[in-house]
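2 protein chains.
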Amino acid sequence: MFNDVFLKACRKEAVPYTPVWFMRQAGRYQAEYRAIRERYSFFEISHHPELCAQVTRLPVEKLGVDAAILFADIMTPLKARGIEVEIVEGVGPVLNQPIRSGADFAQWKQLDPARDLPFVLDTVELLHQQLNVPLIGFAGAPFTLASYLIEGGPSKNYHKTKAFMYTHPEDWAALMDDLADMTLNYLQAQIRAGAQAVQIFDSWVGALGEKDYQIYIAPTMAKIFTELKKTGAVSLYFAAGAGHLLNEWNKLPVDVLSIDWRTSADDLDRLQISKAIQGNLDPSLLLAPLPILKERAKTLLDQLSNRPGYIFNLGHGVFPEVSEENLRELTKFVHHYPKV
Amino acid sequence: MFNDVFLKACRKEAVPYTPVWFMRQAGRYQAEYRAIRERYSFFEISHHPELCAQVTRLPVEKLGVDAAILFADIMTPLKARGIEVEIVEGVGPVLNQPIRSGADFAQWKQLDPARDLPFVLDTVELLHQQLNVPLIGFAGAPFTLASYLIEGGPSKNYHKTKAFMYTHPEDWAALMDDLADMTLNYLQAQIRAGAQAVQIFDSWVGALGEKDYQIYIAPTMAKIFTELKKTGAVSLYFAAGAGHLLNEWNKLPVDVLSIDWRTSADDLDRLQISKAIQGNLDPSLLLAPLPILKERAKTLLDQLSNRPGYIFNLGHGVFPEVSEENLRELTKFVHHYPKV
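Sequence lines, in order, name chains Z and P. Number 339 in the numbering used here belongs to position 339 of the first sequence; there are no gaps in the numbering. Number 186 in the numbering used here belongs to position 186 of the second sequence; there are no gaps in the numbering.
Derived from the structure by calculation, the hints contain no laboratory data. Where hints are given, some of them may not hold.
[What the hints assert, rightly or not] In silico contact screen, one side only, chain Z against chain P (beta carbon under 8 Å); selected entries:
id, residue
1, Arg262
2, Thr263
3, Arg270
4, Gln272
5, Ile273
6, Leu285
Remember, predicted model here, so these are calculated numbers, not experimental data. Glycine included, every Cβ here is placed at the ideal spot set by N, Cα and C.
Next up, chain Z with everything else stripped away, as it sits in the complex:
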């Protein structure tokens, strides 16, 4: 029997209980994942459909969450286009030749998912057969991808990325167009292969002020979500520390906005946010004693669970030090919390 509670919540339809999943719900906190990682690298897992599907299913099987999310890295489609990105353990994506101008990406080949990423599509097809919950497809957002391409790796303040935006606005627009086409291509292929939802990770876009977002980012995201809407899949948009962009986000043709613990229910009311909401527990609370974790989850549910369209999640990803038992308890707590 297929569990569609998550999809209903995304569409702001009535649900019998609050659905829950966790960002980065497949990972090192799980003994089974660690065992697999002892034998295979991240690259090997993501390139082998059976393995990748197994890892993607783990949290559904072990925690009882209401959605699975494709196990993947945001740089995968760029690597598949021949861009030299290395994922350095404990650091993140690193590029030896960061972008300096439009000439540096003018010759990049277009992404053809079936040709360049068959392993991803095979994984999605497998999962579509295996899962009894929706599969969320996965992609990075143009700004966040561009930040790695321009900074050459992770950054604290994105000075180079912003300087590129301000100084080369036409090259920036061309880069956004390139990455938007790629992201759309990639997500449409995942949807055709069986993903019922897609989440776009714009992890670092909160570094921009509202005006910069309006000028340099919003048109690109509007284009992507407009096209995604035509597929019938639901779309979710995530960034950390981006509460100041909610007004802009609420104008996008996206279904679900992911908020973190720095955005409150009061903020949603004050800004008259009308979209379905996903979030927003501080993942650090997963290290707290269970009574404190539950107390905070209760506060959240009291504030948000009767909103039309609410999905319980964290404000950012699960991390290796978390206890799986706490996540299992939390999932149960959310599922059993009475809806008024």
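For this one, chain Z is given, so just place chain P on it according to the hints.
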């Protein structure tokens, strides 16, 4: 003739023009600073009053800003108490023995500024004689200092610090008390030596949600600012990415709140913020072409400069790649912008 425009703005008194200074206004972007750093380490500069005063004065002399800020590091008072902190170039403060429980700091000696930091007080006294603008004293806030002490260095997500808070609330309260006493001691001594204002840097406290701030931080900051108020010096409070804490900040007995580019004039109105405001230009804009930089500064001035109590500043610190010429032009632009 002493320029008190900055102090008047801090006290929300009428001013003839908008005062301006820049966080981290003394630094590597200046040729004179780089020349000094070729001969002396950061440690040497901060321990030699003549040198340290010279570096502190540089931006006043070269840019024409309305305030100087003591050139110092937030870890200085901790080092002066014998805590082993190393400032690693390009990384930040690093501790080999991070705090794990209350026992790890129970035996720390109290800070006696005259005994432990005479070089800082001598620098302040020198500057008090030399400057014709106010000197802003400098200290880190308890949360931000605690984050280094617990994480063992810079962090992305402060999981360990938050876990400590949630799991050892009594030890956390004791640590906040210890660091509050130290910070207060340190700032009171700077004020007695001649600082007319003090800014407390709580750079990373924006990582906390509003409820955590209420429970674990606000009482400590209220105590510090209450005591500082008795000195007659004005107080300023800074954090990056902390717009979601403004409601809490507005309740503190502090004079000026520093906001970054993620907080808008609309937010200040919506939250009915009554304090003087400092900020909030994105420092990345210092890399933009001058017309764009000025256009953004103009927008800011149009929105904020007629508010009672406004000080033009950045939302975060100046960085090495910035051109001094841009900062000089920006200072001039702000000074000449007509007040309605």
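Hints versus structure:
Satisfaction of the interface hint for Z/Arg262 is found here, the shortest Cβ-Cβ separation to chain P being roughly 4 Å, below the 8 Å cut-off. At a threshold of 8 Å, the smallest CB-CB gap from Z/Thr263 to chain P is about 7 Å, leaving the interface hint in force. At a threshold of 8 Å, the smallest CB-CB gap from Z/Arg270 to chain P is about 6 Å, leaving the interface hint in force. A distance limit of 8 Å between C-beta atoms decides the matter here; for Z/Gln272 the minimum to chain P is near 12 Å, and the interface restraint is violated.
For Z/Ile273, the interface hint is violated, the least distance from its beta-carbon to any beta-carbon of chain P being 14 Å, above 8 Å. The interface hint given for Z/Leu285 is met, as the beta carbon of that residue sits about 7 Å from the closest beta carbon of chain P, less than 8 Å.
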